[in-house]
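Residue numbers (this note's numbering), protein chains in the order written: chain A, 1 to 268; chain B, 1 to 268; chain C, 1 to 268; chain D, 1 to 268.
Nothing false has been slipped in among the hints.
Pairs involving identical chains hold if they fit within one copy or between any two copies, as the list cannot separate such chains.
Below, in silico cross-link-like pairs of lysine-lysine (DSS-like), each with a Cα-Cα straight-line distance of 25 Å or less: (1) Lys208 / Lys96; (2) Lys179 / Lys264; (3) Lys67 / Lys179; (4) Lys190 / Lys218; (5) Lys239 / Lys67; (6) Lys67 / Lys100; (7) Lys264 / Lys190; (8) Lys218 / Lys118; (9) Lys264 / Lys95; (10) Lys49 / Lys190; (11) Lys208 / Lys100; (12) Lys264 / Lys100; (13) Lys208 / Lys264; (14) Lys96 / Lys49; (15) Lys190 / Lys179; (16) Lys67 / Lys96; (17) Lys67 / Lys208; (18) Lys190 / Lys118; (19) Lys95 / Lys208.
What the hints contain is simulated information worked out from the structure, not anything from laboratory work. Only a predicted model underlies this, so the values are computations on that prediction, with no experimental measurement involved.
4 protein chains.
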Amino acid sequence: MTTVANTAIATPAIEDVQNRLDTRQIVIQKVGIKSIKHPIYFQNVDGHKQHTIATFDLAVNLAAHLKGTHMSRFVELIHELNGQFGVVELQNLLKKMLTKMQAEQGYIDVSFPYFRTKQAPVSQVSSSLDYQVTLHGEIHHGITAIQYTVVVPVTSLCPCSKEISAYGAHNQRSHITLKVASQQPLCLDKLIGMVESQGSCELYATLKRSDEKYITEKAYENPKFVEDIVRDVALELSKDLRILSFSVEAENFESIHNHSAYAKVVSE
Amino acid sequence: MTTVANTAIATPAIEDVQNRLDTRQIVIQKVGIKSIKHPIYFQNVDGHKQHTIATFDLAVNLAAHLKGTHMSRFVELIHELNGQFGVVELQNLLKKMLTKMQAEQGYIDVSFPYFRTKQAPVSQVSSSLDYQVTLHGEIHHGITAIQYTVVVPVTSLCPCSKEISAYGAHNQRSHITLKVASQQPLCLDKLIGMVESQGSCELYATLKRSDEKYITEKAYENPKFVEDIVRDVALELSKDLRILSFSVEAENFESIHNHSAYAKVVSE
Amino acid sequence: MTTVANTAIATPAIEDVQNRLDTRQIVIQKVGIKSIKHPIYFQNVDGHKQHTIATFDLAVNLAAHLKGTHMSRFVELIHELNGQFGVVELQNLLKKMLTKMQAEQGYIDVSFPYFRTKQAPVSQVSSSLDYQVTLHGEIHHGITAIQYTVVVPVTSLCPCSKEISAYGAHNQRSHITLKVASQQPLCLDKLIGMVESQGSCELYATLKRSDEKYITEKAYENPKFVEDIVRDVALELSKDLRILSFSVEAENFESIHNHSAYAKVVSE
Amino acid sequence: MTTVANTAIATPAIEDVQNRLDTRQIVIQKVGIKSIKHPIYFQNVDGHKQHTIATFDLAVNLAAHLKGTHMSRFVELIHELNGQFGVVELQNLLKKMLTKMQAEQGYIDVSFPYFRTKQAPVSQVSSSLDYQVTLHGEIHHGITAIQYTVVVPVTSLCPCSKEISAYGAHNQRSHITLKVASQQPLCLDKLIGMVESQGSCELYATLKRSDEKYITEKAYENPKFVEDIVRDVALELSKDLRILSFSVEAENFESIHNHSAYAKVVSE
Chain A
1 MTTVANTAIA TPAIEDVQNR LDTRQIVIQK VGIKSIKHPI YFQNVDGHKQ
51 HTIATFDLAV NLAAHLKGTH MSRFVELIHE LNGQFGVVEL QNLLKKMLTK
101 MQAEQGYIDV SFPYFRTKQA PVSQVSSSLD YQVTLHGEIH HGITAIQYTV
151 VVPVTSLCPC SKEISAYGAH NQRSHITLKV ASQQPLCLDK LIGMVESQGS
201 CELYATLKRS DEKYITEKAY ENPKFVEDIV RDVALELSKD LRILSFSVEA
251 ENFESIHNHS AYAKVVSE
Chain B
1 MTTVANTAIA TPAIEDVQNR LDTRQIVIQK VGIKSIKHPI YFQNVDGHKQ
51 HTIATFDLAV NLAAHLKGTH MSRFVELIHE LNGQFGVVEL QNLLKKMLTK
101 MQAEQGYIDV SFPYFRTKQA PVSQVSSSLD YQVTLHGEIH HGITAIQYTV
151 VVPVTSLCPC SKEISAYGAH NQRSHITLKV ASQQPLCLDK LIGMVESQGS
201 CELYATLKRS DEKYITEKAY ENPKFVEDIV RDVALELSKD LRILSFSVEA
251 ENFESIHNHS AYAKVVSE
Chain C
1 MTTVANTAIA TPAIEDVQNR LDTRQIVIQK VGIKSIKHPI YFQNVDGHKQ
51 HTIATFDLAV NLAAHLKGTH MSRFVELIHE LNGQFGVVEL QNLLKKMLTK
101 MQAEQGYIDV SFPYFRTKQA PVSQVSSSLD YQVTLHGEIH HGITAIQYTV
151 VVPVTSLCPC SKEISAYGAH NQRSHITLKV ASQQPLCLDK LIGMVESQGS
201 CELYATLKRS DEKYITEKAY ENPKFVEDIV RDVALELSKD LRILSFSVEA
251 ENFESIHNHS AYAKVVSE
Chain D
1 MTTVANTAIA TPAIEDVQNR LDTRQIVIQK VGIKSIKHPI YFQNVDGHKQ
51 HTIATFDLAV NLAAHLKGTH MSRFVELIHE LNGQFGVVEL QNLLKKMLTK
101 MQAEQGYIDV SFPYFRTKQA PVSQVSSSLD YQVTLHGEIH HGITAIQYTV
151 VVPVTSLCPC SKEISAYGAH NQRSHITLKV ASQQPLCLDK LIGMVESQGS
201 CELYATLKRS DEKYITEKAY ENPKFVEDIV RDVALELSKD LRILSFSVEA
251 ENFESIHNHS AYAKVVSE
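Using the sequences plus the hints, can you model the full thing?
And the structure:
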């Protein structure tokens with residue numbers, strides 16, 4: 001009925017529309033796929049591995065004269081990992097993607113829940129806690145750069161509330177979001193552990209009564225505003241020479257409000 | 001190219017596919033539209049009105065012999081409200097929907113943020129707090145029934161943590177979700193206010209230091225488990241003869257864990 | 001400063017507040033934990049296993065005379081799985097939970113992304129697709145019951161749009177949500193595969209051009225309203241004698257609207 | 001029991017902990033509140049007004065020597081708007097915030113659903129469609145800058161699928177996200193309208209059969225990749241001299257995959 005359809009029926013070879021010339025003369029900075037889930041067997045820098053489920057975003061630049069990219073190749077790249085993933089695999093994937101897509105710049109974000117086994121502070125009962133981790137990889141003309149984002153849940157206890165009240169102090173769950181760039185691979189456990197120790201107290205999945213007493217008192221002895229949390233994390237980061245740049249955010253899901261308190265420090 | 005397309009071109013009148021006969025002999029309990037946003041000027045039972053943005057779900061039953069419903073009519077029903085909405089308008093809308101869709105049963109859910117102006121407990125500073133409200137309407141053979149859902153954020157303070165610790169007590173934001181059925185229109189402010197008073201303390205958008213001292217101490221003096229919260233709300237509800245049935249849930253976004261504590265009571 | 005605190009300091013044994021008597025005489029239907037993430041090695045009925053990340057909700061009833069439950073024991077139950085999970089493990093977990101919590105009724109929901117490897121229809125290229133699966137377990141006085149929820153994404157193509165248009169037809173991603181109760185363990189792959197075949201066409205992660213041609217034409221040849229989808233799934237389910245009851249919902253994220261079309265059939 | 005608590009009881013004036021000196025010597029780029037909902041009566045540049053519900057984020061910088069900011073003042077700023085909001089009010093709010101918080105830099109994001117009334121293309125039936133809009137305001141040493149984000153849902157129809165298939169073509173809902181900076185106030189309706197016309201077809205809440213035929217055929221005649229959409233929006237933006245810079249993203253919620261296709265163009 002349409003010329004297009006008739007052509008399609010008549011021609012045995014299926015045309016590759018994406019390869020046509022584009023005349024708009026506009027470079028596309030990023031084109032690719034978003035929000036595809038895939039299981040990975042993640043290897044941390046210290047060699048430890050864990051199975052988890054990752055969400056991948058992959059993109060490359062597209063030259064002005066090309067009409068489109070080949071989306072299915074991005075999915076093939078993910079499957080070719082055979083589930084193995086870590087910082088080394090991310091760097092290799094970036095290079096392989098540029099070759100496969102014939103591009104100059106590439107971007108890969110891989111986000112997944114990461115689990116650490118922790119001992120409760122008094123009872124020493126083990127349980128595992130989840131953290132949201134994202135590895136961001138970029139490649140420009142063969143040079144790769146890796147950024148890490150970790151979202152670390154902690155307790156924060158309000159210094160003002162403690163100071164002005166005859167007893168008690170409001171406290172709440174907070175998210176500390178750290179983004180760091182480093183040329184050396186970073187151990188997720190150490191990065192998370194460092195951030196986690198800057199809240200008023202750490203979280204645990206399993207706490208016995210002796211632990212609950214301990215962490216209640218610890219948080220009360222260690223009050224922190226969102227401002228304190230981001231500064232204390234920033235102070236720790238400034239001691240680590242491998243860190244090229246960072247931003248640290250704290251968001252308190254205030255127990256006394258229906259909104260959040262928020263602070264952010266960015267490295268100079 | 002296809003018979004269908006040729007027919008479409010040849011026939012001036014556009015066929016109504018939904019009106020065709022269906023031979024599968026399966027009644028559909030609900031068919032309609034979901035997640036459509038529309039501004040409303042909501043009128044509470046006490047006459048007070050407020051502008052807000054609602055998300056509507058509308059559905060009717062579909063007899064076994066009919067192939068499909070007419071989706072665009074649901075959207076027309078929402079527009080015919082002219083933005084006016086409340087319990088009375090919901091009851092009328094249910095009836096109008098049955099007529100328009102030629103159905104026997106109808107279901108409408110309307111969900112929106114609802115704002116109440118509150119005075120801080122000591123400074124008396126005014127600010128407004130948001131609550132998520134849903135009105136659920138059903139109609140079966142001309143008889144309408146209305147259910148209300150209110151999600152009320154409060155502070156909860158852990159009795160165990162307070163009891164076993166030398167000082168302090170973990171506390172957090174909690175959501176109390178109340179669903180009630182009533183044949184009489186209920187005042188949202190009274191319903192929310194009753195629920196809100198069953199937490200360890202209420203939330204406020206604006207608190208001065210004198211208020212923060214007050215509510216910190218109030219929560220500490222008024223510790224409650226999720227179990228206590230749902231029981232205390234249930235006790236209050238059992239005194240209200242207009243309530244036909246209810247469920248009450250409490251979810252604490254625990255400040256010491258990365259998961260929630262949860263409890264639910266359902267009326268008998 | 002407070003009597004509570006002094007007592008806590010003076011008494012070596014830490015009191016178990018949850019074990020106190022409650023005088024409100026209100027039974028709690030459900031008390032437990034919500035939204036805790038944990039890695040699992042899921043075993044399907046056919047013996048195949050896959051690593052994934054699950055979100056657990058666990059709850060039991062609480063007798064009227066008890067003040068509270070012991071939340072940390074729920075987390076211990078999850079850890080005692082040692083990551084092994086499937087229908088058999090869910091049934092055992094329900095029983096173990098009742099014993100551990102000294103309760104009569106128990107409820108466990110376990111939700112996780114589940115992956116199936118699929119071959120593209122023409123090129124036969126393999127890739128994996130994710131589905132959201134939830135196993136719901138209940139136990140009442142020793143009797144367990146299992147429900148399955150699978151959310152299956154498919155393509156739906158509008159019969160009306162095809163019929164009335166000279167060419168083309170609007171289509172979109174749809175979610176088919178099936179809930180089934182069965183006394184016999186059900187194979188997830190077969191359940192998902194059955195549902196998936198009732199859309200206008202299945203989805204795939206990787207499609208080559210020959211596949212894209214195939215599925216475009218297949219969807220065009222196989223138009224379905226949400227009403228058709230739920231009826232066709234219901235017809236298939238009615239042939240399976242192991243299914244005790246079911247509900248099936250279809251939600252089309254309409255490509256021509258900013259809202260969804262929706263239908264639901266519930267077994268009698 | 002603690003010195004803090006005794007002091008609090010003994011001292012009638014409540015200390016302002018936030019005003020204490022901080023010795024860590026770390027500037028905080030942003031400190032404030034996040035995710036607070038408030039009703040607004042939004043005025044577009046063309047004078048038209050509509051009631052909606054906004055989510056506000058407000059933040060200022062904090063000098064290295066100050067321990068904390070005064071969070072309650074941000075909430076007061078929102079209430080002092082008396083619900084009136086638009087680009088002019090945003091600029092005033094930025095200035096007022098700097099004075100009130102004694103800061104040099106300020107950041108305000110206000111996000112809300114925005115409704116436009118549209119006529120269906122053939123039947124001319126009116127209905128309203130919702131778009132997510134965010135106004136971003138920044139102020140640095142008295143100079144304000146405003147950015148606009150609009151998320152515009154459209155239909156996209158795949159050129160490759162159309163070309164290679166004998167009939168039909170896969171299409172889906174897409175989100176076009178445009179961010180623009182301008183020193184002159186921009187009319188939201190014109191901005192949204194321009195973006196909306198770059199999809200394969202616009203969306204509408206209400207479509208009669210004659211409209212559905214029209215838009216099905218229009219989308220089929222107007223196939224676009226994500227790459228085409230971002231380029232076509234970029235071309236239009238380059239003609240508007242008021243636009244200082246922009247980024248445009250397109251995300252197709254692919255009807256044939258369970259992931260998205262994505263493209264982004266950023267102005268030079």
